[in-house]
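Undergrad: Residue numbers (our numbering), protein chains in the order written: chain C, 1 to 336; chain X, 337 to 672.
There may be inaccurate statements among the hints.
Only pairs whose alpha carbons sit at most 27 Å apart, straight line, appear in this in silico BS3-like list of lysine-lysine [claimed, not checked]:
hint: 1; chain 1: X; residue 1: 440; chain 2: X; residue 2: 357
hint: 2; chain 1: X; residue 1: 357; chain 2: C; residue 2: 238
hint: 3; chain 1: X; residue 1: 644; chain 2: C; residue 2: 21
hint: 4; chain 1: C; residue 1: 21; chain 2: C; residue 2: 308
hint: 5; chain 1: X; residue 1: 357; chain 2: C; residue 2: 308
hint: 6; chain 1: C; residue 1: 238; chain 2: C; residue 2: 293
hint: 7; chain 1: C; residue 1: 308; chain 2: X; residue 2: 644
Over the 10 Å line for every Cβ pair with chain C, so calculated as not near, a few chain X residues [stated by the list, open to error]:
hint: 8; residue: 344
hint: 9; residue: 348
hint: 10; residue: 448
hint: 11; residue: 456
hint: 12; residue: 467
hint: 13; residue: 488
hint: 14; residue: 497
hint: 15; residue: 513
hint: 16; residue: 521
hint: 17; residue: 527
hint: 18; residue: 566
hint: 19; residue: 571
hint: 20; residue: 611
hint: 21; residue: 653
hint: 22; residue: 657
hint: 23; residue: 668
Heads up, incomplete: computed chain X residues facing chain C, CB under 8 Å, no partners named [said to hold, decoys possible]:
hint: 24; residue: 337
hint: 25; residue: 532
hint: 26; residue: 535
hint: 27; residue: 536
hint: 28; residue: 559
hint: 29; residue: 560
hint: 30; residue: 616
hint: 31; residue: 617
hint: 32; residue: 618
hint: 33; residue: 643
hint: 34; residue: 645
hint: 35; residue: 649
hint: 36; residue: 660
hint: 37; residue: 661
hint: 38; residue: 664
hint: 39; residue: 667
Quick caveat, the hints were computed from the structure, so don't treat them as lab data.
Cβ coordinates follow ideal geometry from the N, Cα and C atoms, glycine included.
2 protein chains.
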Amino acid sequence: MYRMIGALLLSAGVALLTGPKLIAYLKKLHFGQTIYELGPAHQQKQGTPVMGGLMMAAGILVSSLAFHPARWSGGWDFIIPLLAVSFLNMCIGFADDYIKAVKKRHDGLSPWQKIAGQVIVAAGFSVYCYFCPAVGSSIRIPFAGTDWDLGIFYIPVMTLLGIFIVNSSNLQDGLDGLLGTVSAVGSSAWAVICLLLMLVPSLAGIADPDGVAVCGTFALATAGACVGFLRYNRYPAKTFMGDTGSMLLGGGAVATAMLLRLPVLLALIFFTPVMSSVSVILQRYYFKLTHGKRIFLMSPIHHHFEKKGYSETQIVSMYAGVTLILSLIAVLSILK
Amino acid sequence: MYRMIGALLLSAGVALLTGPKLIAYLKKLHFGQTIYELGPAHQQKQGTPVMGGLMMAAGILVSSLAFHPARWSGGWDFIIPLLAVSFLNMCIGFADDYIKAVKKRHDGLSPWQKIAGQVIVAAGFSVYCYFCPAVGSSIRIPFAGTDWDLGIFYIPVMTLLGIFIVNSSNLQDGLDGLLGTVSAVGSSAWAVICLLLMLVPSLAGIADPDGVAVCGTFALATAGACVGFLRYNRYPAKTFMGDTGSMLLGGGAVATAMLLRLPVLLALIFFTPVMSSVSVILQRYYFKLTHGKRIFLMSPIHHHFEKKGYSETQIVSMYAGVTLILSLIAVLSILK
Numbered sequence: 001m002y003r004m005i006g007a008l009l010l011s012a013g014v015a016l017l018t019g020p021k022l023i024a025y026l027k028k029l030h031f032g033q034t035i036y037e038l039g040p041a042h043q044q045k046q047g048t049p050v051m052g053g054l055m056m057a058a059g060i061l062v063s064s065l066a067f068h069p070a071r072w073s074g075g076w077d078f079i080i081p082l083l084a085v086s087f088l089n090m091c092i093g094f095a096d097d098y099i100k101a102v103k104k105r106h107d108g109l110s111p112w113q114k115i116a117g118q119v120i121v122a123a124g125f126s127v128y129c130y131f132c133p134a135v136g137s138s139i140r141i142p143f144a145g146t147d148w149d150l151g152i153f154y155i156p157v158m159t160l161l162g163i164f165i166v167n168s169s170n171l172q173d174g175l176d177g178l179l180g181t182v183s184a185v186g187s188s189a190w191a192v193i194c195l196l197l198m199l200v201p202s203l204a205g206i207a208d209p210d211g212v213a214v215c216g217t218f219a220l221a222t223a224g225a226c227v228g229f230l231r232y233n234r235y236p237a238k239t240f241m242g243d244t245g246s247m248l249l250g251g252g253a254v255a256t257a258m259l260l261r262l263p264v265l266l267a268l269i270f271f272t273p274v275m276s277s278v279s280v281i282l283q284r285y286y287f288k289l290t291h292g293k294r295i296f297l298m299s300p301i302h303h304h305f306e307k308k309g310y311s312e313t314q315i316v317s318m319y320a321g322v323t324l325i326l327s328l329i330a331v332l333s334i335l336k
Numbered sequence: 337m338y339r340m341i342g343a344l345l346l347s348a349g350v351a352l353l354t355g356p357k358l359i360a361y362l363k364k365l366h367f368g369q370t371i372y373e374l375g376p377a378h379q380q381k382q383g384t385p386v387m388g389g390l391m392m393a394a395g396i397l398v399s400s401l402a403f404h405p406a407r408w409s410g411g412w413d414f415i416i417p418l419l420a421v422s423f424l425n426m427c428i429g430f431a432d433d434y435i436k437a438v439k440k441r442h443d444g445l446s447p448w449q450k451i452a453g454q455v456i457v458a459a460g461f462s463v464y465c466y467f468c469p470a471v472g473s474s475i476r477i478p479f480a481g482t483d484w485d486l487g488i489f490y491i492p493v494m495t496l497l498g499i500f501i502v503n504s505s506n507l508q509d510g511l512d513g514l515l516g517t518v519s520a521v522g523s524s525a526w527a528v529i530c531l532l533l534m535l536v537p538s539l540a541g542i543a544d545p546d547g548v549a550v551c552g553t554f555a556l557a558t559a560g561a562c563v564g565f566l567r568y569n570r571y572p573a574k575t576f577m578g579d580t581g582s583m584l585l586g587g588g589a590v591a592t593a594m595l596l597r598l599p600v601l602l603a604l605i606f607f608t609p610v611m612s613s614v615s616v617i618l619q620r621y622y623f624k625l626t627h628g629k630r631i632f633l634m635s636p637i638h639h640h641f642e643k644k645g646y647s648e649t650q651i652v653s654m655y656a657g658v659t660l661i662l663s664l665i666a667v668l669s670i671l672k
């Protein structure tokens, strides 16, 4: 318990303390993102440094390792892949941010380079989970309280899920404080789910209590890091998390869900980022099918709300409320 | 489990659906509060209808009763006093709002009338808990994991606590979305604590599992109601909760904490409202002692932050982050 509280506070502390120096440093390097592709009427955001996600990364890394609950004895089969998926995805985002912001090449990584990197990470992790004794190929279906064995299909399905979630997270990151707030709530939900599973492992057929403790510590570290980061990212933002941060958070969420065998809960806890992706896909296909009509005024859907006249803070508040309610439902769903 | 999800969703739904009609009705009755005592530079809020808290009251009442988990068999010793404390405190707030807004008498209830009402409710409830077999005079000390028997002193101490918490809640309600957001997070924390205690009653020496389920359902209903209410109360607010809402939320929080024998956790979960009261008290005594000097630019402390140049939404985000972190610590503290 004290370890977990430690992870939460240390992570928030690291993000808060590294914030000012990191922002000053990023500004000095002229890490201002070119904003024109980011949404309606955000020209005034030109020059805000991206890659602020690095402060979350620092918080999560330091505090997951410092408060690793398994004391060299176990849980490494969870923490290493968890950090690997988060930070490898972050590196892809970082490369993109770096090319755009420092090298000033507007195109960043090519879409294929990005996808190739994501496929490698997601596929590697899916194979790992498939063969990991504490995870395996069956996933839990909450509400029903049963397991569903996907067999060998686990690998392709989870690979696609991994890519989808990371990109969803990436697409949602478009308004000050939006993804940070949603992730703070969502990570807290994962932490609570881990606590319930630590108390009563049979609730979700968990084979490795140490592994659950690791996921809980990681989730608390993420929640702390998000709250710390929001200090600088809330409207009006002093820094953006960039692809660096959004792909870190997306990777962490999907890895946690898969290790706990609860990827189904992403549909609730990660509902709003998923909605962002789905809105983009719907918009694109509808546009092609109808040769030029649009469903939303602009996609991802948070820009649609903006065009409808909602302010950034109103949209953040709305998304946070929806995520809170869905997260509570997710927590309740694992009880029988 | 389905009952609890039902309570959460029904309550949010009731608050959302009654919102527009209630706001229109309150406006028609000229329920605009006179704003000049509410803080710096909020003259433009003149005319915003107060007593929007009634939509939360509707949500909480309907859904706690509709999804009362104990099926006529038990738990009534918890739900009746819980609703009584919340709604009697609400009535005091309502009387004050009504006199100010409808009767246009700026002074509202006299301070003594208010305090007298609060004392009666808090003392009555403390006596009830003292004699209730499932509660009693001993409170749980989290972290230590031990009980502390206050004996007969339970009654005066808890009476003072009840009054203090309700007034803290009342004092914090001064910025758009502030208390609603803090309460949404805080109620979620109480709900999670109830879930943990339902799974492992021994964690806090709980004698009445039905009672815990009742508190959990009430907390989820409150969280849902807050999220629904925030739809209309977030910046820029279309309605204020008024004393009606703030005393309802304060009463609900202190009653939940006392029934679960965890009043100590109010120091974490209800930290920011408590800070609001403490800042007022410090300011007043310091002013008297020094014959005119001030610690804060203005009290309660959220107005101090406003004068420092933070926007309303920034302050709400900060309070929400602090409450989230402290609430997670509160949840962790009941584990041993």
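Undergrad: All hints are to be evaluated individually against the structure, with a verdict given for each.
TA: Each hint tested on the structure:
Under the criterion of a C-alpha separation no larger than 27 Å, the hint pairing residue 440 of chain X with residue 357 of chain X is consistent with the structure, at around 22 Å. Distance check on the hinted pair: residue 357 of chain X and residue 238 of chain C sit about 39 Å apart at the alpha-carbon level, beyond 27 Å; violated. Proposed proximity of residue 644 of chain X and residue 21 of chain C is supported: the alpha carbons are some 22 Å apart, at most 27 Å. About 37 Å separates the Cα atoms of residue 21 of chain C and residue 308 of chain C, which puts this hinted pair outside 27 Å; it is violated.
At most 27 Å may separate the alpha-carbon atoms for a hinted pair to count; residue 357 of chain X and residue 308 of chain C meet this at roughly 22 Å. About 36 Å separates the Cα atoms of residue 238 of chain C and residue 293 of chain C, which puts this hinted pair outside 27 Å; it is violated. Distance check on the hinted pair: residue 308 of chain C and residue 644 of chain X sit about 32 Å apart at the alpha-carbon level, beyond 27 Å; violated. For residue 344 of chain X, the non-interface assignment is contradicted: its Cβ lies about 6 Å from the closest Cβ of chain C, within the 10 Å cut-off.
Taking the minimum C-beta to C-beta distance to chain C, about 6 Å, the non-interface status of residue 348 of chain X is violated against the 10 Å cut. Once the 10 Å rule is applied to beta carbons, residue 448 of chain X is consistent with being away from chain C; the minimum gap is 38 Å. With a closest Cβ-Cβ approach of about 34 Å to chain C, residue 456 of chain X is found to remain outside the 10 Å limit, as its non-interface label requires. Distance check for residue 467 of chain X against chain C: the nearest CB is about 31 Å away, which clears 10 Å, and the non-interface claim stands.
Interface exclusion of residue 488 of chain X from chain C stands, the closest Cβ pair being 33 Å apart, more than 10 Å. Annotated as non-interface, residue 497 of chain X keeps its C-beta farther than 10 Å from every C-beta of chain C; the closest such distance is 24 Å. With a least beta-carbon separation of about 7 Å from chain C, residue 513 of chain X fails to lie farther than 10 Å from that chain, contradicting its non-interface assignment. The claim that residue 521 of chain X is not at the interface with chain C is violated, since a C-beta of that chain comes within 10 Å of its own (minimum 8 Å).
Against chain C, the non-interface label of residue 527 of chain X is violated: not every CB pair exceeds 10 Å, the least being about 7 Å. Non-interface status of residue 566 of chain X relative to chain C is broken: a Cβ of that chain comes within 10 Å, the nearest being about 6 Å off. Listed as outside the interface, residue 571 of chain X is inconsistent with that label: its C-beta sits roughly 6 Å from the nearest C-beta of chain C, within the 10 Å cut-off. No beta-carbon of chain C comes within 10 Å of the beta-carbon of residue 611 of chain X; the shortest separation is about 17 Å.
The beta carbon of residue 653 of chain X is not kept farther than 10 Å from every beta carbon of chain C, the shortest such distance being approximately 4 Å. Taking the minimum C-beta to C-beta distance to chain C, about 4 Å, the non-interface status of residue 657 of chain X is violated against the 10 Å cut. Residue placement check: residue 668 of chain X does not keep its beta carbon more than 10 Å from all beta carbons of chain C (closest about 5 Å). Hint status for residue 337 of chain X: holds, given a least beta-carbon distance of 5 Å to chain C, under 8 Å.
The beta carbon of residue 532 of chain X comes within 7 Å of a beta carbon in chain C, closer than 8 Å, and the hint placing it at the interface holds. Because the closest C-beta pair between residue 535 of chain X and chain C is about 5 Å apart, less than 8 Å, the hint holds. Look at residue 536 of chain X: its Cβ gets to within about 5 Å of chain C, closer than 8 Å, so that hint holds up. Given hint, residue 559 of chain X at the interface with chain C, holds; its Cβ is 7 Å from that chain's nearest Cβ, closer than 8 Å.
For residue 560 of chain X, the interface hint holds, since its Cβ comes within 8 Å of a Cβ in chain C; the closest pair sits about 7 Å apart. Proximity of residue 616 of chain X to chain C is violated relative to the hint, the smallest CB-CB distance being about 25 Å (cut-off 8 Å). This hint is violated: residue 617 of chain X has a C-beta 27 Å from the nearest C-beta of chain C, more than the 8 Å allowed. For residue 618 of chain X, the shortest C-beta to C-beta distance to chain C is roughly 25 Å, which exceeds 8 Å, and the interface hint is violated.
Annotation: residue 643 of chain X was flagged as interfacial toward chain C, and the flag is violated, the nearest CB pair being 18 Å apart, outside 8 Å. Interface restraint check for residue 645 of chain X: the shortest CB-CB distance to chain C comes to about 12 Å, outside 8 Å, so the restraint is violated. Evaluation of the residue 649 of chain X hint against chain C yields a held restraint, the C-beta minimum of about 4 Å falling below 8 Å. Below 8 Å, beta-carbon pairs count as interface contacts, and residue 660 of chain X has one with chain C at about 6 Å; its hint therefore holds.
Because the closest C-beta pair between residue 661 of chain X and chain C is about 6 Å apart, less than 8 Å, the hint holds. The closest approach between the C-beta of residue 664 of chain X and any C-beta of chain C is roughly 6 Å, which is under the 8 Å cut-off, so the hint is satisfied. The interface hint given for residue 667 of chain X holds, since its Cβ lies 7 Å from the closest Cβ of chain C, which is under the 8 Å cut-off.
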